[in-house]
Amino acid sequence: MLSTYQETGSVLHGIRAGWKLLFLVVLGSALFWFERLDLIVVSLACVMMLYRLARFSLATLWDQVRPALLLLVIIFLAQIFLTSPEYAVLIVARFAALILAAALVTLTTPTSEMVAAIEACLKPVRRWVPIEKVSLALSLAIRFIPVIVSITHEVREAQRVRGLDRSLFAVAMPVIIRTLKMGDQIAEALDARSFENSGDGK
Amino acid sequence: MIELENVSVRFEGRRVLQDLNLALTEKRIGVIGLNGSGKSTFARLLNGLQLPTEGAVTVGGMDTAKSGKDVRRQVGFVFQNPENQIVYPIVREDLAFGLKNLGLAKADIPVQVERALERFRLQHLIDRRTHELSGGEKQMIALIGVAVMNPRLIVMDEPTTLLDLRNKRRLMQAVSDMEQSVVMITHDLDLLSAFDRVLCFHEGRLFDDGAPEAVIARYQQVCEEC
Numbered sequence: 004m005l006s007t008y009q010e011t012g013s014v015l016h017g018i019r020a021g022w023k024l025l026f027l028v029v030l031g032s033a034l035f036w037f038e039r040l041d042l043i044v045v046s047l048a049c050v051m052m053l054y055r056l057a058r059f060s061l062a063t064l065w066d067q068v069r070p071a072l073l074l075l076v077i078i079f080l081a082q083i084f085l086t087s088p089e090y091a092v093l094i095v096a097r098f099a100a101l102i103l104a105a106a107l108v109t110l111t112t113p114t115s116e117m118v119a120a121i122e123a124c125l126k127p128v129r130r131w132v133p134i135e136k137v138s139l140a141l142s143l144a145i146r147f148i149p150v151i152v153s154i155t156h157e158v159r160e161a162q163r164v165r166g167l168d169r170s171l172f173a174v175a176m177p178v179i180i181r182t183l184k185m186g187d188q189i190a191e192a193l194d195a196r197s198f199e200n201s202g203d204g205k
Numbered sequence: 002m003i004e005l006e007n008v009s010v011r012f013e014g015r016r017v018l019q020d021l022n023l024a025l026t027e028k029r030i031g032v033i034g035l036n037g038s039g040k041s042t043f044a045r046l047l048n049g050l051q052l053p054t055e056g057a058v059t060v061g062g063m064d065t066a067k068s069g070k071d072v073r074r075q076v077g078f079v080f081q082n083p084e085n086q087i088v089y090p091i092v093r094e095d096l097a098f099g100l101k102n103l104g105l106a107k108a109d110i111p112v113q114v115e116r117a118l119e120r121f122r123l124q125h126l127i128d129r130r131t132h133e134l135s136g137g138e139k140q141m142i143a144l145i146g147v148a149v150m151n152p153r154l155i156v157m158d159e160p161t162t163l164l165d166l167r168n169k170r171r172l173m174q175a176v177s178d179m180e181q182s183v184v185m186i187t188h189d190l191d192l193l194s195a196f197d198r199v200l201c202f203h204e205g206r207l208f209d210d211g212a213p214e215a216v217i218a219r220y221q222q223v224c225e226e227c
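Residue numbers (this note's numbering), protein chains in the order written: chain A, 4 to 205; chain B, 2 to 227.
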């Protein structure tokens, strides 16, 4: 969801966001419903083949799994001790397939289409759910996660310069304070751009 | 026209602006003053982001305290830090945001967005991710995000603070090309030479008001004496 969209002009890029999200929901449910290693390994292989279909390189595929690698290794080792090596493989393959499939959807779908698809899904419940606010909240989350990451880097660097190497608390406090201040300013910016005037988005 | 009548603003008992009586009719108005002099509070009064504790601010006859929403349609606001003003991950989406809030028809929005970017010769940024833009590009997108809503007046709170010389010139060129009236708060006194009027604030009061050259000269003298 973090604006990782990469245009390659593939068939998958042309499919509507709603179908891709539905595929993700169905695949996710199926992966957790079936406890068969062969089916899960085949699913993983299929998802990897979809990367080829989307014209992404192996390096791109690897980039999607790499951030979760440590977690996958921990889960694998824990499952070996707690259950069996076969079940450990099943669990890791299941998570890998899910991570790769979710990443593939974000790689092939612009955030605006994704948000529009979510808005469309929420339409039947618009009487109870403020769709425009949900959609804005999603967009804000996507927009500001990189900004918060960059604030965290700034704070860590500033502390390193002053001789503080590692302290979760010392990093967390200024990051939280700056994020809250930023939140106030964003709220004002939304006000200034007439967000409160928002109608039905016709 | 914007009018301020006997306006004062207090924060936690402290007066940050006192007894302002002003009528703003000029096309280009600069606002200067030392840090903490009340410039930003004054700017925020103009579009109702800040309401006066005493007195009244009216924009085209509308009281900011009673018609805040309508006032904000007339008066756009560009903040000092564009990072907090750009709310969507893609430039196209961010520029569309304000238009959507104005209730424009869906089909017209992309056309307006493209036109606005063309006017500022920045159409190449349309599909860029906003967090990957340079500081100058972000400030320009923040300005276009407000200009695209076509307010009658744009208030800019130190818009050049984070910009290098090239981007500062680019922004000022964009400002001078704009049809709208502009009220700009700045510490860059050079930028105000072509403005019609400059207001100088000091310790919450309007210290000076007049043609740029005279006001800036008196301000510099005061700064030297401080």
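A portion of the hints provided could be inaccurate.
[To be verified] To spell it out: a stretch of chain A is covered by chain B in this simulated footprint if at least three of its residues, at any positions, have a beta carbon under 8 Å from a beta carbon of chain B; those stretches are: (1) 108-119; (2) 123-134.
[Claimed, not checked] Derived coverage of chain B by chain A (criterion: at least 3 residues anywhere in the stretch with Cβ under 8 Å from a Cβ of chain A; other residues may be distant): (3) 96-104; (4) 166-175; (5) 220-227.
If you are wondering where the hints come from, they were derived from the structure by calculation, not from laboratory data.
In this text, all values refer to a predicted model and were calculated from it rather than measured experimentally.
Here a beta-carbon is modelled for each residue, glycine too, at the ideal position from N, C-alpha and C.
Which numbered hints does this structure break?
-> Per hint list: 2, 4, 5 violated.
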